[in-house]
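Each chain, written out:
Number of protein chains: 2
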Amino acid sequence: MELTNKQITVIFKALCDENRVQIFRLLQNGEKCACKLLEAMQCTQPTLSHHMKILCDSGLVVGRKEGKWMYYSISPEGTEKAVNVLRELTKVSDSGECCCK
Amino acid sequence: MELTNKQITVIFKALCDENRVQIFRLLQNGEKCACKLLEAMQCTQPTLSHHMKILCDSGLVVGRKEGKWMYYSISPEGTEKAVNVLRELTKVSDSGECCCK
DNA sequence: AAAACATATTGACAAGCTTCAATATGTGTG
DNA sequence: CACACATATTGAAGCTTGTCAATATGTTTT
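Listed in order, the protein sequences are those of chains A and B.
For reference, each letter of the first sequence is one residue, going 20 to 120 in the working numbering.
For reference, each letter of the second sequence is one residue, going 20 to 120 in the working numbering.
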């Protein structure tokens with residue numbers, strides 16, 4: 020299953036913002052509801068909602084709705100996939116020399 | 020050695036742009052000089068230079084100067100570190116439940 | 001059904017990023 | 001030393017992203 024360059028950028032955009040990195044740290048000890056995340060973060064509710072959308076789009080985080088609450092957690096499948104993508108993309112085959120040498 | 024949130028974003032910004040993802044693909048089969056990369060990419064020389072700077076800043080790519088040529092390659096140390104950072108940041112400890120539950 | 005609550009969406013503005021033309025720096029060559 | 005060449009830097013334009021106030025949507029409670 021090959022990903023396009025575009026799809027790859029979507030995954031890693033999750034980690035391109037300090038606030039979103041902070042959200043990962045908050046989610047490390049398990050699922051958290053949006054209200055708890057909002058308490059811990061220093062931003063408004065719409066801003067948090069925006070970041071959570073980007074995180075979910077990346078596949079690294081999954082959301083689960085329960086009544087009026089929204090629970091977010093780190094996706095083991097998503098993160099495993101991200102690690103594999105990173106590994107693949109940075110794997111060196113070294114099958115040749117550059118002509119300029 | 021703990022990284023700040025900011026430092027983590029610097030690493031993954033390397034992979035937030037389609038062109039830079041493309042550059043990784045070009046570097047996968049070994050070190051390449053800037054002129055070869057420029058040939059393969061569809062951008063101007065200053066733009067490539069800018070992307071290479073971001074890639075080097077991330078630590079995922081290293082540059083080596085030889086005469087008037089600049090050779091770039093994927094850094095095994097940098098990529099290993101990035102994988103570890105990604106693993107650490109997305110590791111779930113699951114040491115508690117959210118209060119809202 | 002209305003009120004209270006949690007989260008999402010919209011629209012606007014500011015900050016940051018990508019891109020290029022022009023120019024600068026540094027290296028080898030005649 | 002002057003010229004050609006490879007790459008880097010600067011400055012400006014356009015696009016994208018992050019942020020917030022205001023508002024909308026959907027859920028529970030009274």
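Keep in mind that the hints are not guaranteed to be accurate.
Note: identical chains are not told apart, hence a pair may lie in one copy or across any two.
Capping the alpha-carbon separation at 25 Å, the derived lysine-lysine pairs in PhoX-like fashion look like this [said to hold, decoys possible]: (1) K72 x K100; (2) K72 x K84; (3) K25 x K72; (4) K55 x K100.
Don't read these hints as lab results, they were simulated from the structure.
Each hint, compared with the structure:
1. K72 x K100: within (19 Å within a copy, 27 Å between copies)
2. K72 x K84: Cα proximity of K72 and K84: one copy only (14 Å, versus 42 Å across).
3. K25 x K72: both (17 Å within a copy, 21 Å between copies)
4. K55 x K100: neither (27 Å within a copy, 31 Å between copies)
The earlier numbered hint that this structure contradicts is number 4, and it is the only one.
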